[in-house]
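S.K.: Assemble the complex: chain A is given as a structure, and chain B must be docked to it using the hints.
Chains A and B, in that order, give the protein sequences. If you're matching positions, the first sequence starts at 1 in our numbering and goes up one per residue. If you're matching positions, the second sequence starts at 381 in our numbering and goes up one per residue.
Please note that the accuracy of each hint is not assured.
[Said to hold, decoys possible] Listed next, the in silico DMTMM-like pairs over lysine to aspartate or glutamate satisfying Cα-Cα at most 20 Å (straight line):
no. : chain 1 : residue 1 : chain 2 : residue 2
1   : B       : 446       : A       : 227
2   : B       : 495       : B       : 522
3   : A       : 64        : B       : 537
4   : A       : 246       : B       : 522
5   : A       : 158       : A       : 185
6   : A       : 64        : B       : 470
7   : A       : 42        : B       : 526
8   : A       : 64        : B       : 417
9   : B       : 465       : B       : 537
10  : B       : 487       : A       : 331
11  : B       : 543       : A       : 67
12  : A       : 354       : B       : 452
13  : B       : 465       : A       : 331
14  : B       : 465       : A       : 67
15  : B       : 543       : A       : 63
16  : A       : 64        : B       : 464
These are computed hints drawn from the structure, not numbers from a lab. Just so you know, these numbers come straight off a predicted model, no measurement behind them.
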Amino acid sequence: MAATTLVPPPVQDDTFLDSNELVLNMGPQHPSTHGVLRVILKLDGETVLGADCVIGYLHRGVEKIAENRTYQQFAPYVDRMDYVAAVSNGLGYCLAVEKLLDVEIPPRAQAVRVILTELNRLASHLLWLGTHALDIGAITPVFLCFREREEVLSIFEKYCGARLTTHAFRIGGLQYETYDTFEKDCLAVCDLMQEKVKEYHDLLTGNRIWVRRTTGVGILNAADCKDYGVTGPVLRAAGVPWDLRKAQPYSGYEKYDFEIPTAKNGDTFDRYIVRMQEMEQSCRIIRQAVESIPEGPIKGKVGKVIKPPPGEAYVSIEAPKGELGYFVVSDGSLNPYRLRVRPPSFVNLGALDKMCRGTLVADVVAIIGTIDIVLGEVDR
Amino acid sequence: MRAKRPLRRPVKRKPAEMPSAPWEGSVPAALRERFGEAIETTQLLGGQRLAIVDIGAAAGILAMLKNERGFDYLVDVTAVHWPEKEKQFEITWILYSFASNDRVRVKAAVGEGAKAPSATSLYNSANWLEREVYDMFGIEFEDHPDLRRILMPDEWEGFPLRKEYGLIQQDADWVRENLKIESAQ
Chain A
1 MAATTLVPPP
11 VQDDTFLDSN
21 ELVLNMGPQH
31 PSTHGVLRVI
41 LKLDGETVLG
51 ADCVIGYLHR
61 GVEKIAENRT
71 YQQFAPYVDR
81 MDYVAAVSNG
91 LGYCLAVEKL
101 LDVEIPPRAQ
111 AVRVILTELN
121 RLASHLLWLG
131 THALDIGAIT
141 PVFLCFRERE
151 EVLSIFEKYC
161 GARLTTHAFR
171 IGGLQYETYD
181 TFEKDCLAVC
191 DLMQEKVKEY
201 HDLLTGNRIW
211 VRRTTGVGIL
221 NAADCKDYGV
231 TGPVLRAAGV
241 PWDLRKAQPY
251 SGYEKYDFEI
261 PTAKNGDTFD
271 RYIVRMQEME
281 QSCRIIRQAV
291 ESIPEGPIKG
301 KVGKVIKPPP
311 GEAYVSIEAP
321 KGELGYFVVS
331 DGSLNPYRLR
341 VRPPSFVNLG
351 ALDKMCRGTL
361 VADVVAIIGT
371 IDIVLGEVDR
Chain B
381 MRAKRPLRRP
391 VKRKPAEMPS
401 APWEGSVPAA
411 LRERFGEAIE
421 TTQLLGGQRL
431 AIVDIGAAAG
441 ILAMLKNERG
451 FDYLVDVTAV
461 HWPEKEKQFE
471 ITWILYSFAS
481 NDRVRVKAAV
491 GEGAKAPSAT
501 SLYNSANWLE
511 REVYDMFGIE
521 FEDHPDLRRI
531 LMPDEWEGFP
541 LRKEYGLIQQ
551 DADWVRENLK
561 IESAQ
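So that you can see chain B by itself, here it is in the shape it has in the complex:
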C-alpha cells in the first residue's frame, strides 16, 4: 500500500480587492440630498453603480429612482444571507433605465424577522421576484399583494437558500406525506 502523501496546497496569497471608486454624479447627489444619513455609501464597485442604503428609506429611494430618474425597469430582486452579521440578510434591487442606459444596484440590510418594503406598487415585475426571495430566504415583504411560495411546495418547512439549510436537507414529513417515499435523496 502506498503511503499517503499530504496534498500540496496552493500558496496562500492575500486575495486582491475589487476595484472600487466613489460614485459621483447627479443621481447619488440627489439621493444624498433627499435621504441624507440613510444613504450609507455610493460607489462604483468594479465599475458598477451601487448604493448601500438603510432599509427604512429603501421604498422612498426606489420610488424616487423610478419616478424622477427614469429607472423604469426592475431587473431583479435578490438577497444574500450573512449569518454572522447582525442584520442577516442583504436585499439587492437591480434597476435599469432605458432612457439613459444605466444600471444601478440598491442594497439594504434587513434583520431576521424584520419586514422589507415591497416594490410591487412601483413595478409589477417585483411580484414574482419578491415571492422567490420570500420562498428561498423567508424574508417577508410588507404590502405584497400575494406573498406565497413560488418554487417550493406551499407547505414546505424551511428556507433553502439560508446558509444553515443543508445541501441535501429536506422536509422529511412533506416528502413522506406527498411523495409516499422515505427520502427524496
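So that you can see chain A by itself, here it is in the shape it has in the complex:
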C-alpha cells in the first residue's frame, strides 16, 4: 500500500449552516409505504419541499408476459397486479378481450360478476382502512377490518377455491356456477357490514386525533385531480361525482340503484369518508344483484380457442382504486400482440409530489395511505 498523505478535510461551505435543506430517504423497506415504494423527500426542517418516487422494485414485466401467453393463459396473471382487488382486475381483462371478440355475456354471469366485484371492493376498502388507520397510529381498526374482510374472502374461497388471486372469471362469462348458500352468504356479509361500518365510524370519525391528523392533509382539488389523471375515491373526494359504473356502465351496472358518494375539500379526511360511504353503496348493489339474480347460462358463445380479429380496444372499469383500463391490440393470433394495463395506482401515485408539498414528514405517511396504492399494480 502506498504511503498516504494527509489530506486536509474539505473546507466547509459557509452556507452549509444557513441552509436547512435535508434529503431524507424513505423506503423501500418501510412498513408504511405498503410495499416496496421508495420516496426521496426534500425537507426544510419538518416541512416537505418535494417528493420523488422511485418505483419498479416489484416490476415483473406483466405486459411482456402477456405477449407470450394465449388470452386464457394470461388471465391468472392479471390477479397478481392489484392482489388486493384481484376480481376487479379479472373483470377488466375479461371485458377487454370480450370487446375484441364481440361476444355477449349472459345476464346471470353479469350479475354474479357484479356481486363478486363489489364484494372485492369491500375487501379492498377494508384492507385500506385498516392499514391507513394503522399508519396514522390507530391500532384497533386493523384487527376489526381484517375480521370482516375474512368473511368476504371466505365467500371467494367457497366460490372458486382461492382467497386472494381468485381468477374468478373466464373470458365469455364464468367458469363456476355459484354454490348453494352463495346468496345467503352475500346477504349476511351486507348485514354484517352495515353494522360494522357504524363501529368504524364510532372509532374514527369523531375521534379528535384522527380528525386532526387527516383534516386539511394532502389536499388535491378537482382541477389538479383532472390534470394529474387521478381517479377513483381521490377524485370523488374533491367533489367530482365521476364513477365509471355510472358514466359508462359495464356488466349491467345500469340496472342497479346506487349513489356516488362525494365530498368537498379533497383532503385525507374526505377520502376516508368517501370510501366509507362507498362500502355502504357496495352493500346496496350486492343486495339488489343478489335479489334479482336471473337464471340461465353462465358462459357466452366463446370457443375453446380464443382468437380475436385484428384490431384494438380500450376498456376500463371502476376498480376500488380508480380507473383500471386494458388496452389490447390483437394481430389475429392466439396471443395478444400488445397488452397495456392502465393502472390507477401508478397514475394516482404521480400526484404524490403535488400532495406532499408543504406538509409535514408525518403527513407523508398519511398521504401515501390515503391514495390507496398497491405496489404490485404500480410496478406491474
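M.R.: For chain B alone, kept in the frame of chain A given last:
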C-alpha cells in the same frame, strides 16, 4: 412406447374483422378543417373513437382537443412496436372529456430514433406515462422535463417491450454488478 400422433390442429378460418365505421361529427370535422392532410383517418373501431394522425401534428391536435373540445383528462399514453413497419412505433394517447363523457384515442406512428412530442405542458399525468413509454420502448419525448427510466433501473441496457427483446433477456452486466449473482433467471 406409444407412437407419436400429430396433434390435431383447429380448422383454420379467416379471422373476422372488427366492426369499423367512419367517425362523423363535429370533432373529426374540426380536426380535418384545422389539420387537413395530417389527419389520416377518423373511425369508430368497434364503436370506439379513433383518430390516426401524423406525428408532426400530434402536439397541435392534443392541444386543440384539450383547450377547445374539453378533453381535460389524459387517461393513458402507450405505444406498440411493429418491427416490420417503416415507422416502427405507434403511440396512442387516450383522452377523456368529463363534460361530454366521451373517450377519444389519438394514434400516431413514429420511426426509430425520431422524437415524439410531449404532452406534459398540457397534462401533468403525461409525465409518468411518457417516462414509462421511454423506459419500455426507448421513444424519446421532446421537451419532457424529466425523461428518466421509471420502472427499470437507471443503468439498464435495452428496452424490454420492443419485440426483439427476449422474454427472459436481461442486462447480464447490470445483474452481475448490482445483484452479485450470475443470472437473474
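S.K.: Quickly compare the C-alpha distance for residue 354(A) and residue 452(B) to 20 Å and report which way the hint goes.
M.R.: With Cα atoms ~18 Å apart, residue 354(A) and residue 452(B) stay inside 20 Å; holds.
S.K.: So if I understand the rule, the pair passes when the alpha-carbon distance is 20 Å or less; does residue 465(B) with residue 537(B) pass?
M.R.: With Cα atoms ~24 Å apart, residue 465(B) and residue 537(B) exceed 20 Å; violated.
S.K.: Is residue 64(A) close enough to residue 537(B), meaning Cα to Cα at most 20 Å?
M.R.: 16 Å, holds
S.K.: Mind checking the alpha carbons of residue 543(B) and residue 63(A) for me, to see if they're no more than 20 Å apart?
M.R.: Answer holds: residue 543(B) to residue 63(A) is near 12 Å, not above 20 Å.
S.K.: Straight-line Cα separation of residue 543(B) and residue 67(A) no greater than 20 Å?
M.R.: 9 Å, holds
S.K.: Can the restraint linking residue 42(A) and residue 526(B) be considered satisfied, given a maximum Cα separation of 20 Å?
M.R.: 17 Å, holds
S.K.: Has the given pair, residue 64(A) with residue 464(B), been kept, meaning a C-alpha gap of at most 20 Å?
M.R.: 19 Å, holds
S.K.: Given the proposed pairing of residue 64(A) with residue 470(B), does the C-alpha separation stay at or below 20 Å?
M.R.: At roughly 17 Å apart (the allowed maximum being 20 Å), residue 470(B) and residue 64(A) satisfy the hint.
S.K.: Does residue 522(B) sit within 20 Å of residue 246(A), going by the straight-line distance between their CA atoms?
M.R.: 37 Å, violated
S.K.: Between the alpha carbons of residue 465(B) and residue 331(A), is the straight-line distance 20 Å or under?
M.R.: 14 Å, holds
S.K.: Can you confirm whether the C-alpha distance between residue 465(B) and residue 67(A) stays at or below 20 Å?
M.R.: It holds: about 18 Å lies between the C-alpha atoms, which stays within 20 Å.
S.K.: Hinted pair, alpha-carbon criterion (20 Å max): residue 64(A), residue 417(B). Please report holds or violated.
M.R.: 35 Å, violated
This entry does not satisfy hints 4, 8, 9, going by the numbered hints stated previously.
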